[in-house]
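Student: Below, each chain spelled out in residue letters.
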Amino acid sequence: MPSCYRFNVARFGKRALAHRAISVAALVGAALAACSRSGLEDLGASPIGPGASRNESVDASAMTSAPLTDAKAPVPDASVDAPMPPPTATGTSAPPPPTQPTSTATMPPNPPRCVPADETCNGVDDDCNGEVDDGIAAIPCPGGGERFCVAGRFSACPTRCETCIPGSERICFLSYCTYWAAQTCAADGRSFGVCQERHVPPECSGVATKHKDSPELEQCCLDNGYCCRDEYDLDHDGNRSEMLGKCDEVSCK
Amino acid sequence: MQIARAATSLAVVLVAHAARAADCAPPEILDMFPPDGATNVPTNAILSAHYSPSSQWVGGEHEVVTLHGPDPGGEDIPVDPLPDCTPPEGMDRFPPGNYCWSGSEGLLKLRPPEDLRAGSAYTVEWPGLRGLTASRGAGRTVTFTVGDGPDVESPKFAGLENVEWDVGRSKDECIDSEADRFLFDLTPGEASDDFGTESLALVVYETRGPNIGPSSPPEQVAFLPFPVKRDPTRIELSLDDGKGPVCFAARAQDLIGNSSTGADKQVCATTKKPPFFYGCAMTAPRFATTTAAPALLLLLSLAALRRHRSPS
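Residue numbers (the working numbering), protein chains in the order written: chain A, 4 to 256; chain B, 1286 to 1597.
Just chain A, same shape as in the assembly (with noise of 0.2 Å):
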């Protein structure tokens, strides 16, 4: 036995020092908790790594047939709210169930035929031609490209990427050290990386030494030119997630 343990437990004692161990356990289970990343909430179901497989193909069903009652009735987008049928064994989709009645005994015998209509951009076969929203026009966008009739609805302007311009970069806060990092965006354009420490520009170093990660570190970011993370929410809409400042070489839009 250690002469480490024999002196520990005659001073302390044997419950103390079970104490002692206990207490450490705890500080390093708190410390590996508090690293991780978010997922863990997921823990419970089963983990899958790379390249496992989850087929879960479900066909929505689409709006193709004309509707029992007026055409010009609005209808449900039943292709995205209705409920979706489980995926098979096999992991693609099975056919949807056609649409039935909820009770056999009011159908009527008759169902009315379709009343043709001008076609617009709902979902619907208004005209009865058998094809859905069909000949609709698409809108011109003022920075390029059009905005086409899709799902029911017009689809937005397109965009050069869907998050971020590959390789440009856009300031961002951490709570320790420079408080000052950046984040580079990804090859594809659709996530920036994780928030890499920098050193604090001149013109900031005094507002970040007095301030910190704070609202004022985030102004000062704004007001010598760079575009900054709105961690703190300055044009106060809500979104923290979003770029402010000069971002023309950063964001998609």
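Derived from the structure by calculation, the hints contain no laboratory data.
Among the clues, some could well be false.
[Unchecked claim] If you want a taste of the chain A side facing chain B, the calculated C-beta under 8 Å gives, among others:
no.	residue
1	Glu-134
2	Asp-136
3	Cys-144
4	Gly-147
5	Gly-228
Backbone N, C-alpha and C define an ideal beta-carbon position, used for all residues, glycine too.
For this one, chain A is given, so just place chain B on it according to the hints.
Tutor: This is chain B only, laid out in the frame that chain A set:
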């Protein structure tokens, strides 16, 4: 002396970082419409090249589009650049004899001055464009053969038929770490056009997602050549954009810009964000994820031992 060494080391690291960011995501031509070797291009075709998102067109002498034909025996056909693709008043397209850059679409479009000659071959030289930094991508040349007349009908498309999803992780050269993405394999239905499907584009939209509700405008997520033999097309989304219930729809577009129906049909899936554990590193440099936890344990252990020994 030590301060000078530290400063030099820091400068080297910063320069290396800047160089890496500058070299990542170089501009490139992703697709061309019609593709190289196309054999049935309509005489009234508008030609285009699709560039990567980092590409920028400034219209300099190195960013000229060249049209040559009709071959055999053809010559360079004069075409002029426009500042953008906005149609003039009373027109639905930009004027013939011009080319223009649509930055929001990433398309450089060329409209020949007159209809292409049926049965002849033409060559287009698409220029390499500059990226966010000074590096310029490579240009590409495409040669195609014209069909026997103009395209007057819109393409037909049955819509998407199936979606399967997975999660992928790959090293990203810009952020110098691994990027997680949802992968969606979309199977298109039957498509047809009066000039065949080889020059059709498949335009895919996300119609439902974490940021797209049932009444929100669908967002375009892909513009690519229509798959040969209806092979599945892969779409990638970030974990934030593809988590939970997601739906897609698509349309086909021909060389004139006519769009098909079929975009009303959606395919949906419900994804689940994987439980990846990144470790204890605050800024997640690669070495820290493997050494931070053991180092922390060691420090805590030493502190506990020292505390026991000190009151002697």
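Student: None of the hints should be skipped; say for each whether it holds.
Tutor: Hint-by-hint comparison with the structure:
{"no.": "1", "hint": "Glu-134", "verdict": "holds, 5 Å"}
{"no.": "2", "hint": "Asp-136", "verdict": "holds, 5 Å"}
{"no.": "3", "hint": "Cys-144", "verdict": "holds, 7 Å"}
{"no.": "4", "hint": "Gly-147", "verdict": "holds, 4 Å"}
{"no.": "5", "hint": "Gly-228", "verdict": "violated, 17 Å"}
Hint check: a violation occurs at hint 5 only; the rest are consistent with the structure.
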